Amino acid sequence: MSVRVGVYVCHCGTNIAGKIDIDEVVRFSEGLENVALVREYKFMCSDPGQALIQKDIEEGKVDRVVVASCSPLMHESTFRSVCERSGINPYLLTMANIREQCSWVHVDAEDSTDKAKDLISAAVSRTSLLEPLEKRVVSINPRTLVIGGGIAGIQVALDLADAGKEVVLVEREPSIGGHMAKFDKTFPTLDCSACILTPRMVSVGQNPNIELLTYSELDEVNGYVGNFEVKIRKKARYVDPELCNGCGMCWEKCPGTRVPRKGNAHEKLSLGPTSSIYMPFMQAVPAVPVIDKDSCIYFQKDKCRICEKVCERNAIKYDMVDEIVEYEVGNIVIATGFKTFDPGIIKRYKYGVLPNVMTSLEFEVMNCAAGSTGGSIVMADGREPESIAIVHCVGSRDNNYHEYCSRVCCMYALKYAHLIKEKTKAEVYDFYIDMRCFGKGYEEFYDRLLGEDVRFVRGKVAEITNVPIHESEKDKLILTVEDTLLGAVRRIPTDMVVLCTALEAPDGLPDIAKMCNVSVGKDGFIIEKHPKLGPVATATDGVFVAGGSQSPKDIPDTVAQASAVSSAVLSMITREKIEIEAATAEIDEDRCCGCRICNTLCPYLAIKFDVEKNVSVVNEALCKGCGTCVAACPSNAITAKHFENRQILAEIEGILSAAK
Amino acid sequence: MKYTYYPGCSVKATANLYQESIDAIAPKLGIELDELDDWNCCGATAYMSVKELMSFALSARNLALAERYHRDIVTPCSACYLVLNKTNHYFSDYPELRKKLGIALEAGGLSYSGNIRVRHLLDVIVNDVGIERIGELVTRKLENLRVVPYYGCQVVRPEKDFDDPDDPKTMDRLIEALGATCVDYPLKTKCCGASLMGTQEKLALSLCKELLANAENRDAHCIITLCPLCQMNLDVYQVKVNRLFKTKFNIPVIYFSQLIGIAMGLPFRDLGLQRLAVKLTRPMKAIVGGA
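Protein sequences appear in the order of chains R and X. 1 is the number of the first residue of the first sequence in my numbering; add one for each residue after it. 661 is the number of the first residue of the second sequence in my numbering; add one for each residue after it.
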């Protein structure tokens with residue numbers, strides 16, 4: 001069988017042509033076996049570029065295509081659809097990646113050109129042996145799983161539910177609301193966080209399209225886009241939500257105390273009751289308490305049972321156990337949010353050692369009118385501080401911890417400065433590296449604060465100590481800093497220090513990512529499909545990401561991204577059907593000896609065993625074509641379609657034969 | 661346990677009391693320190709900041725000489741430790757530098773492959789001999805002796821090979837193993853002024869003053885240190901601090917090895933304690949006895 005391969009070399013502006021000698025590559029490609037013609041163009045992915053390929057196919061000049069351009073992640077789907085439109089099977093295409101894996105990463109022009117030739121030679125050899133494959137179409141379940149009930153998850157759930165679609169919203173904590181529920185005011189408008197969040201939380205609780213599972217965690221994900229099967233673990237809260245009416249008698253009478261944070265005098269800082277049976281905060285949704293087993297006297301010492309006695313509705317159930325519930329969903333949204341960096345790791349800042357050194361999140365709770373201080377700013381001994389230091393970039397923009405900028409800290413630091421000035425007579429010192437006020441109305445807010453008598457000091461705080469040198473430093477927290485505007489090292493005594501801690505990926509995110517088959521970056525956050533053009537999708541179809549789990553974000557950006565996810569999910573649901581990858585594994589029944597080695601190796605649980613025939617069988621809908629089983633099969637009975645052994649060997653031969 | 665020993669120049673001269681105490685305790689601890697033949701000066705941290713490459717080359721020579729014995733190289737001096745250890749780390753981390761040092765060594769008929777570790781004597785004693793073994797060797801009760809563990813700035817920075825750079829605990833553990841009381845001392849890694857004592861004396865004295873003041877107001881009987889320069893600044897210059905700031909500090913500043921020797925019941929003369937500028941005080945003697 002003779003094949004006619006067309007090779008299309010893309011300049012990608014100067015991305016490729018700036019490094020690689022296109023003329024030389026074209027000349028080389030023309031000499032390769034099975035190549036019918038070679039063309040080059042400035043942007044192969046553009047309309048005229050695609051038209052070049054389409055014309056050649058339609059005129060019968062070529063029947064297979066090699067596009068030498070960027071990564072297949074970028075444009076494989078583009079060129080597959082060109083093939084399809086022009087009348088050949090889309091799987092008769094190979095992308096030779098001469099951009100990401102060649103021109104972008106090499107320094108020497110001649111070497112890059114040689115490597116481009118190798119890659120094209122490999123692609124041509126492989127393409128000559130490709131087989132046409134049929135794409136499969138699957139239907140999409142209109143129900144969506146949303147993981148995380150912070151503002152991101154709430155927004156997605158409400159958007160979808162308002163559009164009439166069913167949502168399963170899973171939240172690890174006893175209540176939805178996330179971090180936003182702990183805030184008092186929000187920057188830069190200083191509107192009350194609870195006033196804008198609580199109505200949405202209530203809507204989630206009431207919306208018939210939303211199945212709300214709080215105090216629950218994702219346990220298992222199976223299936224594929226449109227047809228996921230998920231298992232969720234509902235942790236035992238020891239209170240029956242059907243019976244409880246949230247009257248509060250139990251936590252008022254509870255003699256237990258949840259374990260406070262070690263070493264900090266502000267250990268009683270809390271939004272909700274500090275008893276063992278507790279509601280995280282008063283506006284919790286659902287308004288059902290939960291028992292903290294670790295501090296509950298009954299669970300630890302087998303006596304007490306006071307909450308049971310005082311509950312008139314008999315809602316306390318000590319024998320409750322974790323329960324696994326299963327759902328079928330079409331799409332999954334990861335909206336787990338973030339956690340804050342533990343500043344105790346930076347020993348120089350003495351967090352957890354010196355009272356009155358606190359984190360930003362603790363300061364938020366202190367400011368919150370519903371918190372244990374009633375919103376007043378007080379020191380551990382109850383006095384009002386005379387001076388407060390706000391320290392930016394604790395754990396972020398620091399090569400020892402997190403390289404990235406946490407984005408929100410500058411703005412909430414300004415908010416704190418404003419709140420302190422509003423509530424106390426304290427002097428405010430704001431230690432910043434750069435003031436990053438990037439959003440709408442942010443710079444204006446900074447400008448406003450410049451007029452509020454806040455002492456801005458540009459410099460990274462080196463150390464916080466309670467060891468005085470001068471009389472004026474006695475019983476103070478002294479911050480040492482290089483004031484880079486002054487060009488001098490300063491020691492500034494204060495009464496209280498607020499550490500603006502970095503936002504980091506939350507515990508458990510890697511597990512969720514693994515279950516959903518998406519990747520996390522070296523910063524720990526979920527990697528989106530494309531940083532610019534695919535900011536809410538992931539590399540796995542049907543899995544989306546919103547909010548802090550993708551990168552540190554403020555509330556406006558989180559809500560915007562969440563609504564973008566909603567629209568992407570709705571677009572999937574509205575389609576009803578989706579084409580999925582045809583490159584799957586296939587088992588030759590005659591060769592399979594029934595050893596079942598592949599059954600346990602398959603990461604997607606796509607291989608089942610047919611007991612009657614004594615052979616293993618691939619479920620094509622679940623198979624992702626990863627090839628693990630192919631490599632492991634001792635009988636060579638499994639073929640990875642589109643990545644057959646002979647195709648891969650041809651590719652290797654192509655590379656080796658091109659080498660000088 | 662046998663180690664290649666790199667004494668450095670201080671313990672051969674101004675800090676000979678450090679060497680004497682090391683010689684006294686090492687056999688008891690089961691440590692054999694085999695002095696490196698033909699070692700040269702490490703250049704100290706001062707040279708490192710003036711001529712980095714030359715400084716690396718100086719230390720590379722010592723490392724190359726030591727590598728023949730396939731043992732860890734141990735030094736009691738913080739500056740030597742910093743420079744040797746930094747050279748060793750940079751040698752493996754930076755290929756360009758490795759190449760240059762290779763050429764320099766070759767000119768002297770030497771070569772280095774980066775296969776030995778640089779250790780501070782404190783690390784060896786506490787982590788190799790072990791706290792438990794040290795505890796077993798204690799014969800003299802140091803109960804109620806309040807000891808400040810002063811690490812200085814060099815031993816934990818820039819490499820953090822055996823302890824936390826901001827809150828090191830190795831000497832804290834040692835003090836407790838010897839039965840003494842470890843004083844909570846937030847200035848444990850603060851600079852003593854180091855060689856500034858020769859060029860900016862007032863500044864260095866003010867740094868020493870803070871260290872001494874905070875030891876005094878924490879009711880410490882003594883300060884222990886692991887660095888010849890720290891010891892000299894705090895001990896020998898204590899009288900100058902007193903003169904300049906009108907203070908009355910009288911705090912003995914001894915080496916951790918001397919404290920180990922005291923706890924083991926060794927004669928004070930063997931430990932070089934008679935060479936201290938600030939002698940052991942009466943309250944301290946009341947606890948440690950007066951051999």
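Be careful, since some hints might not be right.
Here are some chain X residues the structure puts well away from chain R; computed CB gaps all over 10 Å [stated by the list, open to error]:
(1) Cys-669
(2) Arg-800
(3) Leu-847
(4) Val-899
(5) Arg-935
Straight-line distance between alpha carbons at most 27 Å, and here's what the computed DSSO-like set of lysine-lysine pairs gives [as the list claims (entries may be wrong)]:
(6) R/Lys-460 - X/Lys-829
(7) X/Lys-820 - R/Lys-460
(8) X/Lys-820 - R/Lys-347
(9) X/Lys-939 - R/Lys-476
(10) R/Lys-474 - X/Lys-900
(11) R/Lys-347 - X/Lys-850
(12) R/Lys-460 - X/Lys-746
(13) X/Lys-908 - R/Lys-476
(14) X/Lys-850 - R/Lys-460
(15) X/Lys-939 - X/Lys-906
Hints are computed from structural coordinates only; laboratory data are not their basis. Just so it is clear, the structure is predicted and the values come from calculations on it, not from any experiment. Using N, Cα and C, we set each Cβ at its ideal position, and we do this for glycine too.
Structure-based check of all given hints:
1. Cys-669: 32 Å, holds
2. Arg-800: 32 Å, holds
3. Leu-847: Given that some Cβ of chain R is not farther than 10 Å from that of X/Leu-847, nearest at about 6 Å, it is violated.
4. Val-899: 21 Å, holds
5. Arg-935: The assertion about X/Arg-935 holds, with a minimum of 31 Å to chain R.
6. R/Lys-460 - X/Lys-829: Status holds; Cα separation ~26 Å.
7. X/Lys-820 - R/Lys-460: 22 Å, holds
8. X/Lys-820 - R/Lys-347: 14 Å, holds
9. X/Lys-939 - R/Lys-476: Violated, at roughly 35 Å.
10. R/Lys-474 - X/Lys-900: 26 Å, holds
11. R/Lys-347 - X/Lys-850: With Cα atoms ~14 Å apart, R/Lys-347 and X/Lys-850 stay inside 27 Å; holds.
12. R/Lys-460 - X/Lys-746: 26 Å, holds
13. X/Lys-908 - R/Lys-476: 26 Å, holds
14. X/Lys-850 - R/Lys-460: OK: X/Lys-850 and R/Lys-460 at ~18 Å, within 27 Å.
15. X/Lys-939 - X/Lys-906: 20 Å, holds
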